[in-house]
Amino acid sequence: QLAGMNRKLNNNIETIFLMSNVENQIISSKFVKEIISLGGDIKKFTTQSTIKALKQKYG
Numbered sequence: 048q049l050a051g052m053n054r055k056l057n058n059n060i061e062t063i064f065l066m067s068n069v070e071n072q073i074i075s076s077k078f079v080k081e082i083i084s085l086g087g088d089i090k091k092f093t094t095q096s097t098i099k100a101l102k103q104k105y106g
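Going by my numbering, the sequence shown opens with residue 48, and the numbers climb by one from there.
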């Protein structure tokens, strides 16, 4: 989205992305909620207390 927006604002702008190591990346809460609502395992993404709260809310 960002690259497309930059391109529309100025066709001369080249946008590049440098990805960090997966351990240092942030995951969107939207994705975590979607994973748990579909019955997926979110242990790798959040704490036990958050998992408990999300399970109560999303099943």
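Hint data in this document are derived by calculation from the structure and do not stem from the laboratory.
Just so you know, not all the hints are guaranteed correct.
To be verified - In silico BS3-like pairs for lysine-lysine, Cα to Cα no more than 30 Å straight-line:
| # | residue 1 | residue 2 |
| --- | --- | --- |
| 1 | K77 | K91 |
| 2 | K77 | K99 |
| 3 | K90 | K77 |
| 4 | K55 | K77 |
| 5 | K55 | K90 |
| 6 | K104 | K91 |
| 7 | K80 | K104 |
| 8 | K80 | K99 |
| 9 | K90 | K80 |
| 10 | K102 | K80 |
| 11 | K102 | K90 |
| 12 | K91 | K55 |
Just so you know, these numbers come straight off a predicted model, no measurement behind them.
(request) Would you check the hint for K91 and K55, treating anything up to 30 Å between C-alpha atoms as holding? (result) Violated, because 37 Å separates the two Cα atoms, which is more than 30 Å.
Check: Given the hint that K77 pairs with K91, does the C-alpha gap stay at or below 30 Å?
Finding: Holds, at about 15 Å.
Q. Within a Cα-Cα threshold of 30 Å, do K90 and K77 meet the stated pairing?
A. Holds, at about 15 Å.
**Asked** If you draw a straight line from the CA of K77 to the CA of K99, is it 30 Å or shorter?
**Response** The given pair, whose Cα atoms are some 16 Å apart, holds under the 30 Å limit.
- Distance restraint between K102 and K90, which requires alpha-carbon spacing of 30 Å or less: holds, 12 Å
>> Does K80 sit within 30 Å of K90, going by the straight-line distance between their CA atoms?
In response: holds, 12 Å
_Does K90 sit within 30 Å of K55, going by the straight-line distance between their CA atoms?_
violated, 39 Å
task: Take a quick look at whether K55 and K77 sit within 30 Å of each other, Cα to Cα.
output: holds, 27 Å
Does K104 lie within 30 Å of K80 when you go C-alpha to C-alpha? holds, 10 Å
Is the Cα-Cα distance between K102 and K80 30 Å or less? holds, 9 Å
Verify the proposed pairing of K80 with K99, using a straight-line Cα cut of 30 Å.
holds, 12 Å
Please work out if K104 and K91 have their alpha carbons no farther apart than 30 Å. Roughly 19 Å separates the two Cα atoms, so the pair holds.
The structure shown violates the earlier hints numbered 5 and 12.
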